[in-house]
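Asks: What follows is each chain in one-letter form.
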Amino acid sequence: MTDTAVGAGRSRLDGGPDLVQLLTPEGERLEHPEYSPLVEHLTAQDLRGMYRDLVLVRRADAEATALQRQGELGIWVSLLGQEAAQIGSGRATRQQDYVFPTYREHGVAWTRDVDPVTLLGLYRGVNQGGWDPTKNNFHLYTIVIGSQTLHATGYAMGIQRDGAVGTGDADRDAAVIAYFGDGASAQGDVNEAFVFASVFNAPVVFFCQNNQWAISEPNERQTRIPLYQRARGFGFPGVRVDGNDVLATYAVTTQALDRARNGEGPTLVEAFTYRMGAHTTSDDPTRYRIEAEVEEWKLKDPIARLKAYLARGGDADQDFFDQIEKEADELAAHVRKGCLEMPNPHPDEMFQHAYREPYPLVDEERAWFAQYHASFEGEGAEK
Amino acid sequence: MTDTAVGAGRSRLDGGPDLVQLLTPEGERLEHPEYSPLVEHLTAQDLRGMYRDLVLVRRADAEATALQRQGELGIWVSLLGQEAAQIGSGRATRQQDYVFPTYREHGVAWTRDVDPVTLLGLYRGVNQGGWDPTKNNFHLYTIVIGSQTLHATGYAMGIQRDGAVGTGDADRDAAVIAYFGDGASAQGDVNEAFVFASVFNAPVVFFCQNNQWAISEPNERQTRIPLYQRARGFGFPGVRVDGNDVLATYAVTTQALDRARNGEGPTLVEAFTYRMGAHTTSDDPTRYRIEAEVEEWKLKDPIARLKAYLARGGDADQDFFDQIEKEADELAAHVRKGCLEMPNPHPDEMFQHAYREPYPLVDEERAWFAQYHASFEGEGAEK
Amino acid sequence: MTETSSEAPTTVVQSTIAKGITMGLRAAMEAEPKVLVMGEDVGKLGGVFRVTDGLQKDFGEDRVIDTPLAESGIIGTAIGMALRGYRPVCEIQFDGFIFPAYDQIVTQLAKMGYRSGGSVKLPIVIRVPFGGGIGAVEHHSESPEAYFAHTPGLRVVSCSNPADAYWMIQQAIASDDPVMFFEPKRRYWEKGQVDTSVTPMPLHQARVAREGTDVTVAAYGPMVTTSLAAAQAAADDGISIEVIDLRTLSPLDVDTIEASVNKTGRLVTVHEATTFLGMGAEIAARVTERCFYSMEAPVLRVGGFHIPYPASRHEEEYLPDLDRVLDAVDRSFAF
Amino acid sequence: MTETSSEAPTTVVQSTIAKGITMGLRAAMEAEPKVLVMGEDVGKLGGVFRVTDGLQKDFGEDRVIDTPLAESGIIGTAIGMALRGYRPVCEIQFDGFIFPAYDQIVTQLAKMGYRSGGSVKLPIVIRVPFGGGIGAVEHHSESPEAYFAHTPGLRVVSCSNPADAYWMIQQAIASDDPVMFFEPKRRYWEKGQVDTSVTPMPLHQARVAREGTDVTVAAYGPMVTTSLAAAQAAADDGISIEVIDLRTLSPLDVDTIEASVNKTGRLVTVHEATTFLGMGAEIAARVTERCFYSMEAPVLRVGGFHIPYPASRHEEEYLPDLDRVLDAVDRSFAF
Ligand SMILES: Cc1ncc(C[n+]2csc(CCOP(=O)(O)OP(=O)(O)O)c2C)c(N)n1
Ligand SMILES: Cc1ncc(C[n+]2csc(CCOP(=O)(O)OP(=O)(O)O)c2C)c(N)n1
Ligand SMILES: [Mg+2]
Ligand SMILES: [Mg+2]
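Note that the protein sequences, when read in sequence, are chains A, B, C and D. Last residue of the first sequence? That's 382 in numbering that gives the first Met the number 0, and every number before it is there in order. Last residue of the second sequence? That's 382 in numbering that gives the first Met the number 0, and every number before it is there in order. Last residue of the third sequence? That's 334 in numbering that gives the first Met the number 0, and every number before it is there in order. Last residue of the fourth sequence? That's 334 in numbering that gives the first Met the number 0, and every number before it is there in order.
What the hints contain is simulated information worked out from the structure, not anything from laboratory work. One thing to keep in mind: the hints can contain errors.
Reference excerpt, derived from the structure (chain D facing chain B, CB under 8 Å, subset only) [claimed, not checked]: (1) 59; (2) 75; (3) 83; (4) 107; (5) 116; (6) 118; (7) 151; (8) 152; (9) 296; (10) 314.
Quick caveat: nothing in here was measured; it's all calculated off a predicted structure. Note that the Cβ used here is the ideal one computed from N, Cα and C, for glycine as well.
All chains should be modelled from the sequences, with the hints used to inform the complete structure.
Replies: This is the structure in structure tokens:
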């Protein structure tokens, strides 16, 4: 067996001929017969909005990383480098669509109007997620790799049973988008999701962010062909899009979601991107990947290219960019404040929500613990 | 959702344009640029040998079904209709290759020189299989759908580590063949096996007998495209062969096993065939499939077509066919005798082999049971 | 849901356990359109045990779903449908085939409600025909209930007669928590009366199946019939056995067992599952803690030996039976 | 294998539990070329806990295999390699991620030898960093050992100190039966002495970690340190606690516990796993049966509450600690 890291380094740099791209790393617009029409309706304001999204989610993410370094979070899972993949796909969803994220989709959460502070509880350790997914149709973070792809497929089967597919009513027809990583593609659950989704023609988009790494393993350890081609084995379309190109990602995801809502079934979208940082704040990438690879990807930065495009076309001026920076600082302050103000849960809360209906043993243990815990009150802090 | 059985009925009749066939249902030889050369070396005697295999395994299978009806077996899983898929593929294996069957591969067992009686223990209930797989490189039957495809892939990875791949030494290079059904293709394990086999380029052939049904479910419930195309999603070749054509199955499997032994990695072979009988002797197919479908498949019988070919070409005469019938009767008698002579295990045997090394609790329970059981001896039969 | 079912004609019908479940499923599906049935071969075939017989014909393919052959997929998609507001009832074909779904059950089904701080509910029932005694091959005779009872977030129940089969399946479906529903497959064809009009006892309550004074025998599922037979036989020898049908394993109705043991002073637990860490272990530990001073003998456990379920020709010796129960009762009195 | 390791330089080294396992793996791989290490990130990264640090560099990618991200695939292919004559040591990254492999472990790994009538052996070790206390997110702090101890065909052990870490991993690898090897992740960095030249005690024997006379406390893995601290604290109050490090959960060394309880008359079990059907249940049932007349109090169990493992800010209250152990000891004396 050959040294994977070497073999990996090269092939991970460019997405190959099938890569859908509408905006080059230099910020040049490209014409694509199939996908350009899907972004034509976007106004300069829309594009500025996407730029704002990209900058703000990156800034909020950086603040969370800082908070972890300062001990305010137990761990943080940075989206650095994947902003366009998440904003582009998230902005393509409609209100009635439902999103199943992994643990890294902070950018998608932003497009669903989820306050970034909401996402911190899990990483601060005050809850296991704890938000109500029905509020923004943004599901809880799922940590067991791949599990959520089956939940997404089942949810989509529910949409079919509700008759909310292919009616032509834009406000009614709904789709599901399931996020997962390149590593997750190896899990049985993800492939079973492909089986169920294709057999039942469920309205679900499988959105794989191929950030080239599964912790220390290059994606050659998960597949020997481009991941978007996995869909061929199950009989539905697969597309590889430049995940650092917010326009292309928006276009490809829009098309896939429309197909789903129209009753044309599942699509696999592989967003070809890169994990610019460590896997998590606990990880040390210097042990397994070469800095040169990261350097090359810096040249493909998703924000820089949109900024160059907006500036060149005169769609945005320095005031605008300054304004966004200011907003970003405000958001960062909001994130920090929200994190620091997040109270430690009262011990009793851990006994809540294990069951919805009466469960005597939990009540018994809860009562026992209350008096046990109280017995230490006198002795002060250590309990 | 459309009525699956209707949609199913039609598409399950013909394997489509990609079906590899060398012998038509009428017994006409077809030329195939890629596969004909792989059967050219087969002499008339070889073909008579295959005919003999087909007839004998069908006869042994029928005898087992009869034994079940008479209460001598708890259940039987008939291979009726799948003889060519099993003989053709089994005959393509070499001694050093290793076979992982499901629970229906009685024909493959035959090609590995496993006495059919050996297979009856499991179905009679005197053991859980109980044979030594290393004797004939024919693994134990696996009942949990799909599990064995991972074992096969791991075994193949072991072969790689032993340096027994791609050496060019025909007696050394080895491959693994894993059997599974159309229903099994939906299992996560099977798809994970495809991931591991392709990533590690393991010398394994995935041999799927698509007999059109998974108990009552038509294979449209498992996939919406031909199963051999599943391999495309993982980056290795997939071939659909007429599983009722022993020559084509032999040719396709030979090519796949050669590729594996030469270090060219995995192949998926879909043998397009039909389960002529019930799923098992406990099943009642009249509840879910139309008799007309079975009738159409009778016209594709694997034995009839080879017999027609041998007779037409003068490669076999009536004496030969009579001789085979006689042998078949002898084999049936052997199977029946072997089954009836299979002793009930002594109760104490159930405590053996749960562990290889000392396990006090089992010894304790075993000793307790011995004296407990003995305490009934006086009272005669009921214990 | 029990209210709605009581709208059903007020009659007492003869039924088997299998048909009792079928009737209960039908009642639940009629009462609540969100109830779905899904699994392998549950459609035209009606399941290998015919428990879903006729349901697809009457409720259609969208509500009675023949799934691909993938248990993790069955439970995983059921979770998704529950998130969309449905109440799926999943059939696992045999006990030994629940394990591919174990991850979805333990890491998702059992924990998602807790993860969500109570904002998500997963009213899913997983039906599992379990236990041995049917002369089957490997994986078709197992008793995996303890694996689930050890998992917080799940509820685990088992029925032992047609009336409970009819009512308990409806109560399980009505529960907003996930419920593992273990069906005594070898008793599927045992007959009994089902009164479809009574108000059933709560799902999570044990039942004194036979009153007695000398020793308590606690069992569930297929072993209830066995224990009742043992009690009958013992009665002839002048020993009075109180038999408790646990019905619910998680939560465990300890109060009912405690009350009985405080009366009899002796307890024998019976199940087919491996004794080591089987339900009997938890019952022994908990009851001994509660009844320490009233116990005349340690809790004795009758259960499976520490070996994989053996070939069917060993079943008669492997499975706990009347004699094994009585042997334990005798040993209890020997203390 | 222990013989071979004893060829190693006769020295006493300082080591952490993590490094003890690394040393043991290295010794096993040097002694036996068929020993393989496989799992997620076990190569260049050396595993998320660095337990396989340096092994791929020294033994190559064919013997230290970074696998695709699929636990069922890891165990399933390990079984295949074992059938080919290899001795795979599989790393499961965290306790909560063993469940996708549960089917392969329970239906194949545990049963294939039995299925084969003894003709097949599967010398596979599955390493599982387990337990909480590291401030992690969901699924990274669980204690699933009972799910495996209830499964005939498997062996289950857990180490609590560097010396056991070094020796037990080698003994597990040398075993021809499959072994589940639970590593106390939050103790990985605790230091101790390892004598690489002594003949270790048998893998399946419990150890009296501290002698005492008044009450027995039985623990394993991370709770041994906790129990020893409790014993120390109790000693100051004049209570003499005997602490038993179980080391082996399946088979369970009941004799050692029995001997202790016959001396002390009291037993408290301690583990992080949910109390309901946790190891403490089996210990309580079995020891009570054996020591019925010598017990002054029922076996009391300290363990996890009946809830999913909570958010890490709850850990301090959720996890059994010195005070919870002493509280149980006090309650035991109250009987
Ligand atoms: C079933 C399971 N196994 C292992 C892990 C530990 N783990 C967390 S993230 C990760 C890598 C995931 O890689 P990928 O799917 O590419 O997503 P990424 O983190 O790169 O976004 C692993 C192995 C897990 N969470 N779940
Ligand atoms: C994991 C698992 N689930 C369910 C079953 C029950 N079962 C036995 S055979 C079978 C159908 C298998 O169909 P297929 O894979 O097409 O093989 P065939 O029997 O048609 O040869 C099912 C569902 C099983 N054995 N294992
Ligand atoms: Mg990745
Ligand atoms: Mg089939």
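Asks: What hints, given by number in increasing order, does this structure fail?
Replies: 1, 9, 10
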